[in-house]
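Start from chain A and add chain B according to the hints.
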Amino acid sequence: MQKNILELEQKSRWVRRQVLEMISSAGKGHIGGAFSCADILVALYYGGILRFDSTNKESPGRDRFILSKGHSAASLYAVLADLGYFALSELENYQKETSILRGHPDRKIPGIEADTGSLGHGLGIGAGIALGAKMDAKDFITCVLLGDGECCEGSVWEAAMFAGHHKLNNLVAIVDRNGICVTDFLKDCLDLEPLDKKWVSCGWDVVVIDGHSHQELLSVCKQFHNKLGKRPLVVIANTVKGKGVSFMEGNLDWHHSVPRGEDLERAKKELEL
Amino acid sequence: MKALNKDIRDAFFDQLYSIAQQDKNVIFLTADMGAFSLAKFKKDLPSQFINMAVAEQNMVSIAAGLSLVDKNVFIYSIIPFTTLRCYEQIKIDICAMNLGVSIIGIGAGLSYASDGPTHHGTSDIALMRLLPEITILNPSNAVTAQACAQIAYKSTSPVYIRLEKGVLPLIDRQKEKDFSSGIFKVREGSDLTIISGGIMLQEAVKVADELKSHSIKAAVLDLYRIKPLNIELLLNLIDKSKIVVTLEENIIQGGIGTVISEVLAEARGDVFLKRIAIPDQHCFETGSREYMRSLYGLDVDSVVSTILDVFSQ
Chain A
383 MQKNILELEQ KSRWVRRQVL EMISSAGKGH IGGAFSCADI LVALYYGGIL
433 RFDSTNKESP GRDRFILSKG HSAASLYAVL ADLGYFALSE LENYQKETSI
483 LRGHPDRKIP GIEADTGSLG HGLGIGAGIA LGAKMDAKDF ITCVLLGDGE
533 CCEGSVWEAA MFAGHHKLNN LVAIVDRNGI CVTDFLKDCL DLEPLDKKWV
583 SCGWDVVVID GHSHQELLSV CKQFHNKLGK RPLVVIANTV KGKGVSFMEG
633 NLDWHHSVPR GEDLERAKKE LEL
Chain B
115 MKALNKDIRD AFFDQLYSIA QQDKNVIFLT ADMGAFSLAK FKKDLPSQFI
165 NMAVAEQNMV SIAAGLSLVD KNVFIYSIIP FTTLRCYEQI KIDICAMNLG
215 VSIIGIGAGL SYASDGPTHH GTSDIALMRL LPEITILNPS NAVTAQACAQ
265 IAYKSTSPVY IRLEKGVLPL IDRQKEKDFS SGIFKVREGS DLTIISGGIM
315 LQEAVKVADE LKSHSIKAAV LDLYRIKPLN IELLLNLIDK SKIVVTLEEN
365 IIQGGIGTVI SEVLAEARGD VFLKRIAIPD QHCFETGSRE YMRSLYGLDV
415 DSVVSTILDV FSQ
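These protein sequences, in sequence, are chains A and B. Taking the numbering used here, the leading residue of the first sequence gets 383, the next gets one more, and so forth. Taking the numbering used here, the leading residue of the second sequence gets 115, the next gets one more, and so forth.
Simulated from the structure, these hints should not be mistaken for lab results. Not one of these hints is a red herring.
Listed next, the in silico PhoX-like pairs over lysine-lysine satisfying Cα-Cα at most 25 Å (straight line):
hint, chain 1, residue 1, chain 2, residue 2
1, A, Lys385, A, Lys439
2, B, Lys156, A, Lys549
3, B, Lys138, A, Lys549
4, B, Lys154, A, Lys516
5, B, Lys157, A, Lys516
6, B, Lys138, A, Lys516
7, B, Lys156, A, Lys516
8, A, Lys549, B, Lys157
9, B, Lys320, B, Lys299
10, B, Lys299, B, Lys388
In isolation and in its complexed conformation, chain A is listed as follows:
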């Protein structure tokens, strides 16, 4: 299962291409954030980080992954379909009538661990799972992917303080730090900096990496299971919203716009497989 860096990069490109097809076909979806976290998801699921078995979805020992930034579901759906949680053909039905794939993920979808979409819920749920695992001396990890815009929600910090206080070293948070929320740059509406110090002050270990470098992603994610730390770990993954399609990158227009016409053709070309 574990792939080398080149294969991971190719898989990321494939995921982005699926997302482009899904969103343009559905005429809706959150493309910018789905692109910014694609490499993170690929590293977790294909880089030998998360322990899972798509043929035994409820295996008690599986690692739990929660997409707290639920609006980026399209990328996760592409990954889960590719890994056999449901048919690849289901991606074509994304958000369409009778599809199992809604705009935001829920537990009715195979491979999804928690209902998300309203921001600021996933870290608390993940911390609860991690606490329960510690109570029962289970050795799986819980990994929660947050958006940086999501970190404006107070409930994120309630959960962060709780996890720090209870020293949940079996909990990992990854922040998709693309710097953009729905309509604005975060630095212009609610500057989160110093973001790393905020997590440290809540009792977390912090690593800051390039969230598009599989090399860096793998080197930090491989620590998840080693239990070296005594505290929960947050990975601040610096990313680019819309990553992979040049005219979307870092552009405020592409939170949930749908590429059409020339834009779509250009995006397809840039994500040619």
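Structure of chain B alone, referenced to chain A:
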């Protein structure tokens, strides 16, 4: 079920303590809220008791996470803080995922009368009944409170229990065996039916007693499970009553009166319904619970007078 004459909170928490002693998967989370009978839970079962501090939203999410790894979780705070403050977490993390988490709210109605509107539990029924998966329990005394702890423990879907404070009259419940019906007729009467619950049940009984002196025979129903409503039993118990009165310490929108009105509008167009409740307002008046009730026409004399007016029309 053995009769108990103790504080309704103690009845609930003592039962929960016994359950938790037997089942290590029972986890109790409190948003920094205590109760006399919780002290021994905290002392004797420390690995099953967590003070979440004043962070209700996180308490709900943590409860959901624990439930996802098969813990039987109870969460606890004052009603506005364990319902309204964390409502979206309850909606998504617990109800949409249909997890067996039990939400305990203390301070139903005007329990915290003089503390002001921030602490009043007068709109929680309206809020919580919007959640499709939830069961809403409204115990009226120690016996029903004890039964509610068992019901919540056994439930695999969300439960909300709105607790009173204090020792409430037991009112004969010996005929009721398993508390699965959700409604119990505590007084027989053929002229009208008063539907109430929680602390107001005892007031409803006093009203029924008082009405006897006016030659009016009033039945009294204890609606201790507000959702899912046992509609069939409700209609059977209302029977031939042409007048139904709801009596509650909640604001008039969305409470017991609204619940009953929905049923009667569809099934009993011949019944006249009078809803007696707190008017549509935040209660900035202050004083004892009894004093506040008197301001809103919820004291026994006012309720009797209102019912006599209905009869005279």
